[in-house]
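Student: Take a look at the letters that make up each chain.
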Amino acid sequence: MQELSARHLLGIKDITAEDIRLIFETADNFKDVLNRPIKKVPSLRDITIANVFFENSTRTRLSFELAEKRLSADVINFSSSGSSVKKGETLLDTVNNILAMKVDMIVMRHASPGAPHFLSRHIKANIINAGDGTHEHPTQALLDSYSIREKLGDVAGKKVVIIGDIMHSRVALSNIFALQKLGAEVMVCGPSTLLPKHIQSLGVKVELDVRKALAWCDVANVLRIQLERQQMKYFPSLREYSLYYGIDKKLLDSLDKEITVMHPGPINRGVELSSDAADSHHSIILNQVENGVAIRMAVLYLLASKT
Amino acid sequence: MQKRLIVNHQLLDIMVMRLCHQLIENHGDFSDSVIIGLQPRGRQVAQRLQANLETILGMRVPTGYLDTTFHRDDFRRRDTPLTANATHIDFLIEDKKVILADDVLYTGRSVRAALDAMIAFGRPANVELLVLIDRLHSRHLPIEPTYVGRRVNSIQSQRVLVEWQGQDTQEDNIWLITKNEE
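Just so you know, the sequences run in chain order A and B.
Note that the working numbering has the first sequence beginning at 4, numbered continuously upward.
Note that the working numbering has the second sequence beginning at 765, numbered continuously upward.
Chain A on its own, in the form it takes in the complex:
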């Protein structure tokens, strides 16, 4: 019988390759459940989960909520807008108040890197990081690797390029850790202003030319330009970014091989990815969303059994 090595899912950095494989194998079973006429199992029927979102989210929050409901957990939702956070309550107080209502697990998104790590030192409930600032977004990385495994059979030995705003992206960092733990080769590509200075020290290749990057890779994970996190101008205009780093169908067709295109969403169509590329047969964007529910069910299930 296998179990996860950690009580919380704070980041991919803190878990092992074995943990990731266990999550994938469990997700396979949940994916099977999700394809049945009755898509619900009663595993978490005595568990209450709070989705605590201090930042905006559509996909991740819906995906977590659906995963929780498919597992029969009781779910409460909290978002910082319209809450007492605006009245000056601290993070720990807010969460302790939620926990006082007998909540077993917390799914949290927060704008500050390390916020879930801080919480994990102070509270008893299991914590799942649903994105902490520019740091990590572990479930997104898990579902990305899971989708690659599903499409290409295995992650090991595959060449994956992450294109775009690496500097402000939590998806990029979690993906780098996950892909490397599973044995893939990772490259990052983007304008030099959007690549962190010492990114090579993580053992990734760096490429500034998107065409060369695409010619090298088996999978391209395209990221959004995170304007909301940028304090200053990193490139002259979106139009210029799109011209140099935007990926369209013509560019994909001009490569002498098939590559797989992924995007964690939300897509800014016409900026990092053109509509015809996003909707082409190269793209597995909607499979990623589908797999997200199965992956989150697996994470919730495996963590819930560690109380």
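None of these hints come from the bench; they were simulated from the model.
Treat the numbers as computed from the prediction; the structure is a model and nothing was measured.
Idealized CB from N, CA, C, for every residue including glycine.
Certain hints may be false.
Sample of chain B residues at the chain A side, in silico, Cβ under 10 Å [stated by the list, open to error]:
| no. | residue |
| --- | --- |
| 1 | Phe834 |
| 2 | His835 |
| 3 | Arg836 |
| 4 | Arg840 |
| 5 | Thr844 |
| 6 | Leu846 |
| 7 | Ala848 |
| 8 | Asn849 |
| 9 | Ala850 |
| 10 | Thr851 |
| 11 | His852 |
| 12 | Asp880 |
| 13 | Ile883 |
| 14 | Gly886 |
Below, simulated DSS-like cross-link-like pairs (lysine-lysine); rule was C-alpha separation at most 30 Å, straight line [claimed, not checked]:
| no. | chain 1 | residue 1 | chain 2 | residue 2 |
| --- | --- | --- | --- | --- |
| 15 | B | Lys861 | A | Lys34 |
| 16 | B | Lys861 | A | Lys43 |
| 17 | A | Lys16 | A | Lys162 |
| 18 | A | Lys260 | A | Lys184 |
| 19 | A | Lys43 | A | Lys105 |
| 20 | A | Lys42 | B | Lys861 |
| 21 | A | Lys309 | B | Lys943 |
| 22 | A | Lys184 | A | Lys127 |
We have chain A already, so just place chain B on it with the hints.
Tutor: Chain B only, in chain A's frame:
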């Protein structure tokens, strides 16, 4: 640890054949019947029943495997989580006569979970339970088998192990294992 052989491979062959004939008595040509093995160890039982019925009747009875892990009632009450297995049922059980097959019936909790899990595949006309070994006086729930290979008197510290040729050992055997008192 003591290991006592309670059914050897010849007896097991005879036992499975007898169970098949009992099934034929109740199910006739099996036109509306399906076999579902409970993962992990009922899968072998289901396969063996299917193979023997094919020899006798000349037809393959639809057979699937059902995993009950996510429907168990001991989640968070065990030290380590149970590992899930694949479910493979490529037919609907709506209005079918379902034969649930498992190797050992002990507390009855797996069967309860199976009855629950099965509903995702339709509403069966009726459900029967077939087990190779029925451990007497150990039930936690009012669940009794329809077809039994052998009834065994055992105590809680003992365990019944069904070994299948090729998977675990050279030949099929059923053992009663007693742990030594420490």
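Student: Hint by hint, note whether the structure agrees.
Tutor: Hints versus structure:
1. A distance limit of 10 Å between C-beta atoms decides the matter here; for B:Phe834 the minimum to chain A is near 4 Å, and the interface restraint holds.
2. The restraint placing B:His835 at the interface with chain A holds, with a minimum CB-CB distance near 6 Å, inside the 10 Å limit.
3. Using the Cβ-Cβ criterion of 10 Å, the hint placing B:Arg836 at the interface with chain A is satisfied: the shortest such distance is roughly 8 Å.
4. For B:Arg840, the shortest C-beta to C-beta distance to chain A is roughly 6 Å, which falls under 10 Å, so the interface hint holds.
5. The restraint placing B:Thr844 at the interface with chain A holds, with a minimum CB-CB distance near 4 Å, inside the 10 Å limit.
6. For B:Leu846, the shortest C-beta to C-beta distance to chain A is roughly 6 Å, which falls under 10 Å, so the interface hint holds.
7. For the restraint placing B:Ala848 at the interface with chain A, the shortest Cβ-Cβ distance is roughly 4 Å, inside the 10 Å limit, so the hint holds.
8. For B:Asn849, the interface hint holds, the least distance from its beta-carbon to any beta-carbon of chain A being 8 Å, beneath 10 Å.
9. Interface hint status for B:Ala850: upheld, as the beta-carbon distance to the closest one in chain A is roughly 7 Å, under 10 Å.
10. Interface restraint check for B:Thr851: the shortest CB-CB distance to chain A comes to about 6 Å, inside 10 Å, so the restraint holds.
11. The interface hint given for B:His852 is met, as the beta carbon of that residue sits about 9 Å from the closest beta carbon of chain A, less than 10 Å.
12. The interface hint given for B:Asp880 holds, since its Cβ lies 7 Å from the closest Cβ of chain A, which is under the 10 Å cut-off.
13. With 10 Å as the threshold, the beta carbon of B:Ile883 comes within range of chain A, its nearest partner Cβ sitting at about 7 Å, so the hint holds.
14. With a least beta-carbon distance of about 8 Å to chain A, the hint placing B:Gly886 at the interface is held under the 10 Å criterion.
15. Between B:Lys861 and A:Lys34, the direct Cα distance comes to roughly 27 Å. Compliance with the 30 Å bound is thereby established for this hinted pair.
16. A distance of roughly 24 Å separates the Cα atoms of B:Lys861 and A:Lys43; the hinted pair therefore holds under the 30 Å criterion.
17. At roughly 20 Å between alpha-carbon atoms, A:Lys16 and A:Lys162 fall within 30 Å of each other, so this suggested pair holds.
18. Distance restraint check for A:Lys260 and A:Lys184: the Cα-Cα separation of roughly 26 Å lies within the 30 Å cut-off, and the hinted pair is therefore satisfied.
19. The suggested pairing of A:Lys43 with A:Lys105 holds, with an alpha-carbon distance near 24 Å, which does not exceed 30 Å.
20. Straight-line distance between C-alpha atoms of A:Lys42 and B:Lys861 comes to about 23 Å, which keeps the hinted pair within the 30 Å bound.
21. About 28 Å separates the Cα atoms of A:Lys309 and B:Lys943, which keeps this hinted pair within 30 Å; it holds.
22. Restraint check: the Cα-Cα separation between A:Lys184 and A:Lys127 comes to about 28 Å, which is no more than 30 Å; the hinted pair holds.
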